[in-house]
Amino acid sequence: MKRLFAAVLLAVASNVIADAALDARLRKLEEELRCLVCQNQSLADSSAGLADDLRREVRALAVAGKSDEEIKQFLVARYGDFVLYNPPVKSTTWLLWFGPFVLLAGGAVVWWAVGRRRSRKRSDDDDDDFRPPGGAPTPEQAVEKARELLDNPLD
Amino acid sequence: MKSLRLIIPLVVFLVIVVFLWAGLSRDPREVPSPFIGKPAPAFDLVQLHAPGKKLGTADMKGQVWLLNVWASWCVSCRVEHPLLVELAKANVVPVIGLNYKDKNEAGLAWLAQNGDPYRLSVVDADGRVGIDWGVYGVPETFVVDKAGMIRYKQIGPLTAEALQQKILPLVRSLQQS
Chain A
1 MKRLFAAVLL
11 AVASNVIADA
21 ALDARLRKLE
31 EELRCLVCQN
41 QSLADSSAGL
51 ADDLRREVRA
61 LAVAGKSDEE
71 IKQFLVARYG
81 DFVLYNPPVK
91 STTWLLWFGP
101 FVLLAGGAVV
111 WWAVGRRRSR
121 KRSDDDDDDF
131 RPPGGAPTPE
141 QAVEKARELL
151 DNPLD
Chain B
1001 MKSLRLIIPL
1011 VVFLVIVVFL
1021 WAGLSRDPRE
1031 VPSPFIGKPA
1041 PAFDLVQLHA
1051 PGKKLGTADM
1061 KGQVWLLNVW
1071 ASWCVSCRVE
1081 HPLLVELAKA
1091 NVVPVIGLNY
1101 KDKNEAGLAW
1111 LAQNGDPYRL
1121 SVVDADGRVG
1131 IDWGVYGVPE
1141 TFVVDKAGMI
1151 RYKQIGPLTA
1161 EALQQKILPL
1171 VRSLQQS
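Sequence order for the protein chains is A and B.
Start counting the first sequence at 1; every next residue gets the next number (our numbering).
Start counting the second sequence at 1001; every next residue gets the next number (our numbering).
No wet-lab data here; the hints were simulated from the structure.
We put the CB at the ideal spot given by N, CA and C, even for glycine.
Be a bit skeptical, because a hint or two may be false.
[Unchecked claim] Selected chain A positions facing chain B (in silico; Cβ < 8 Å):
# : residue
1 : L36
2 : V37
3 : Q39
4 : D53
5 : E57
6 : A77
7 : R78
8 : G80
9 : L84
Given only the sequences and the hints, what does the whole structure look like? Please build it.
Right under this line is the structure:
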């Protein structure tokens, strides 16, 4: 009797654990799927009638042993890529996937070009400020000029 | 060089305007159907008026037909209904009704009250066939060609414009081919 009770308990417990695992898996899957009726909600969050039906369908497929990928294919075949919150990478979605990186690279190029132009302009300005008419003095000339100033204070 | 510096932001701005304009002017409810040009999903369903009899996609092979998804609880089905009644009178193309997630009595009462434009209506009580056809917003109307391919899908109520400019010309050309 005791043994039977233990066996039943074990069976129930393993069932509960399996159910919980399935629930968790479905919950995760349904969060990646869009409800077609209320489009900014996932299948997991939506209470629309169609979402109920689709959750039932998804569960039936999962119980029948289909993988997440197969379940997604089932829905994509019927509703298109739009049901996926995570759009697939293909030629029509290249702009979507890579556009931001292109913009980022463009921004980096502009940033670099502007920075370069500015620093070049600044060094040009520096030269302008300190270049006396008739070209820069040689070190000897500079020393000579300094001596002159020391020997003959301006006041 | 100076004029280029002024033109670039303007060009960027215009590109953004074009993208936003295109994005905002599209109706997000109209999801392009992956079924266009593909075989119509097969069904074999009980008829609404004769529960003993069935009608399937196989029975419609060889003719152009419309599948109109409707329900008695569907408010915008009332909007398109007069157009369907008119279309039935013109007798240009058979329209099969898919009574979607409805109670039979309610569906029959609705047809008795509003007029029955359908060659036949079939019962999809649990919405399974609806899912197979990718239905998500009742009413929806599909155009199926002689070979059983879906050629067009109207999401939401039919309009006189859609009927005159898209559906009927398409039906005529499919019937001739």
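Interface hint status, A/Q39 versus chain B (Cβ within 8 Å): With a closest approach of 6 Å, the A/Q39 hint holds.
Hint check: 8 Å Cβ-Cβ cutoff, A/L84 to chain B: violated, 12 Å
Chain B contact restraint on A/E57 - CB to CB distance below 8 Å: holds, 6 Å
Restraint check, 8 Å cut-off on beta carbons, for A/D53 near chain B: Holds, because the Cβ-Cβ distance from A/D53 to chain B comes to roughly 5 Å (cut-off 8 Å).
Agreement of hint A/R78 with chain B interface, Cβ distance less than 8 Å: holds, 4 Å
Status of the A/G80 interface restraint (C-beta, 8 Å, chain B): holds, 4 Å
Evaluation of the interface hint that places A/V37 against chain B, nearest CB under 8 Å: Cβ of A/V37 sits 6 Å from chain B, so the hint holds.
Interface restraint verdict for A/A77 against chain B (beta-carbon cut-off 8 Å): Since the shortest Cβ distance to chain B is 6 Å, the answer is holds.
Interface hint compliance - A/L36 to chain B, C-beta minimum distance less than 8 Å: This hint holds: A/L36 lies near chain B, its Cβ roughly 4 Å from the closest one there, short of 8 Å.
In summary, the one numbered hint that this structure violates is 9.
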